[in-house]
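K.L.:
Residue numbers (this note's numbering), protein chains in the order written: chain B, 1 to 484; chain D, 1001 to 1253.
Keep in mind that the hints were calculated from the coordinates and are not lab data.
Keep in mind that a hint or two might mislead.
What the hints assert, rightly or not - Here are the in silico distance ranges between beta carbons for each label pair:
hint	chain 1	residue 1	chain 2	residue 2	range
1	D	Glu1210	B	Arg444	49 to 59 Å
2	D	Gly1199	B	Ala430	50 to 60 Å
3	B	Ala4	D	Gly1031	22 to 32 Å
Claimed, not checked - Not everything, but these chain D residues come out facing chain B in the computed CB check (under 10 Å):
hint	residue
4	Cys1082
5	Glu1084
6	Arg1135
7	Gly1137
A quick note: this is a predicted structure, and the numbers were derived from the prediction, not measured.
The beta carbon of each residue, even a glycine, is placed where N, CA and C say it ideally should be.
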Amino acid sequence: MLPADRLERVWSWGGATSAMSWVYRPTTIGGLHEVLALARAEGRTIGLRGAGQSYGDAATNAENLCLDTSRMNRILEWDPASGRIRVEPGVTIGQLWRYTIEDGWWPPVVSGTMFTSLGGAAAMNIHGKNNWKVGTIGEHVEAFELLLPSGEIVRCSREERSDLFHAAIGGFGMLGCFTSLTLRLKRIHSGLLEVEPIPIRSLGEMFDVVEERMDAADYLVGWVDTFGRGRGLGRGLVHHATYLRDGEDPMAAQTLRVASQELPPTLMGVVPKSLMWLAMRPFTNDPGVRLVNATKYGLSALEGRRRYRQSHVGFAFLLDYVPDWKRSYGGGGLIQYQTFLPAATARDVYREILERSHRAGLTPYLGVFKRHRMDPFLMTHAVDGYSLALDFKVTARNRRRLWEHAADLTRVVLDAGGRFYFAKDSTLTASQLETYLAEERVQRFLALKRRLDPEGLLVTDLYRRIFRGPDAMDKEARDGRISP
Amino acid sequence: MTAPLPWRHAIVVGASSGLGAAVARQLAAGGCRVALVARRAGELAALARDIGAATGDPARALAFPHDVTHGDEVPALFQRICHELGGLDLLVYAAGVMPRVGADEYDLAKDRSIVEVNVVGAMAWCNPAAERFARAGSGTLVGISSVAGDRGRRGNPAYTASKAALDTYLEAVRNRVARLGVRVVTVKPGPVDTPMTKGMDRLPLLVSAEAAATELLAGAARGRRVVYVPAKWRPIMFVIRHIPSFVFRHLDI
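Hey, can you work out the whole structure from these sequences and the hints?
P.N.:
As structure tokens, this is what we get:
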């Protein structure tokens, strides 16, 4: 029997799905072993969960165990001379930069929120607004230790167990649980970035500007006004940012202080941001977002390309600017539909995606555009091309239509050689992905999983949905994985 | 059925016949995965096969033979069922017995068996469901009581008392968990054409098990606290409940 008091509702970050799981939050490797033993004794699977920042069901595991590593959050070693840091998997990006910035080091790759854990970041092989330039976070991991389902802890690096190194990064928690990660950070000479906003009138211009800025910029990110239509389809704003060189910031010692990085708790010095999601709520609908987006676009066009300096935190963690903003989406939550397309097909496909969304009456409320490059990891989602991330509001009424719409877009994306990202996905199914699942590299990954996890101990709802089909639970029962 | 059912994973206790079986069939037809719980393994397996054939999904209904008077088996079985279903958002306790009791019969063994199934069994199943739903912050718990629970009737003291106990128990559980987002529904059918009422005469407003199941599921889906089946029983029982005891004593109802 599993103890009733461990049973919790575990949410996807977007809040559109959840699962009931027995949640364990150990602080030690001994605690991890206990969870493995418990799963075996009870005939249950284990879903690994970091900070729970995946938009969909990548870190939930319905009716089974959830191993939450967020309390394994010690910084184990730090060398401010080389920028090499060894951390436990539950250390968050926020914890990391606060620890290292005053020594002049910044995480080389960060997500749009600082609440992600490094274990989760490595398992998903996250990218930032500098993906085309520095690759994914995996490319800055020197080594890690991985607890395998067998209970053995193995050390992996590019030299040591290179296959496993390249499979566990991006392996979405299917091969083992990181117990420590060694990363190399990025040397910075100022707490500020030089930022240039570039108003964008159309989708074509978005591509052109990003393409032409790739050499000069350290970070490039495009905001798309998803309500733009016709000639204004894909209009928005690109932010181009560069690091400051040594000596460019006369106040570097001050700007590198944690205190000067922290996001302000109030808006314009008065409005508490903790309540801003409430103020956003009346606008989180089609006319509201249309109005807000048009205003944002209009203001940015008026202001033009006025350059300014902004803190790393202010630039990098846009999603943290309004705490709990996702709550403005209401009870149905949101999903993000992010696709990665090769440079050759991206222009047409993104036009098609936006137009189809308008036609379906399902306009996303946020669109984020980025440039990417290939990386050497087995389950990579990378392409030499672009990604467009679209946030869709989910309601009880639109849910079915939204999933059908996503399936419709997925066909277009797959035909154009596109890829998807498990940290974001909520809608893909095994039958949509037959070709992908038959790919040699996916088969190689699954063979590795069978070898390292022959009992099928590590499972998530996403894994069940994509890799084992909708009736995996029944198969599991028939195969006797479930105890009598 | 007009509105689609809001549940995806359900347990029906007392599913082998009568109202429980009808509820299980309709839930399965509405897209729900159903765990069938009852004492008679043969009937249960047949119903599971039936549902499998009717829905084209052999795993739509899963059979779990269990005697509700064995309450100590419930916690482990409940946990196992939730696992095999892949979730739980509805539990229907439809098990109940109503042995014939003579006008001058006072048989403790019979009375005890009624209370064991109608009350203790209900608690054995509703307790873990209420606990789980409270932790989940959602879920629907349906107890099949009876219009008989509204008054102490001369015909079957233990049966009416068992249904009154079930009503009060469900009301108390509702008061515990309603604020956590859990719905507790007390269903009060009048006579339903099931094996339980077979051979009985004088059955007012008799309805089929199918019609009763449709009506009670619709009421539960709408979040009603008390569902009379058919609805006509609500005003009738309102009147009957308000007949003073010294008058009721003289009435043969």
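K.L.:
The structure should be examined with respect to each hint, and the outcome stated for every one.
P.N.:
Hint check results:
1. Glu1210/D / Arg444/B: 49 to 59 Å: Taking Cβ atoms as reference, Glu1210/D and Arg444/B lie about 54 Å apart, which means the hint holds.
2. Gly1199/D / Ala430/B: 50 to 60 Å: holds (53 Å)
3. Ala4/B / Gly1031/D: 22 to 32 Å: holds (28 Å)
4. Cys1082: Check passed: Cβ of Cys1082/D comes within 6 Å of chain B, closer than 10 Å.
5. Glu1084: holds (5 Å)
6. Arg1135: At 5 Å from the nearest chain B Cβ, Arg1135/D passes the 10 Å test, so the hint holds.
7. Gly1137: holds (6 Å)
Violation of the numbered hints given earlier is absent; every hint is satisfied by the structure.
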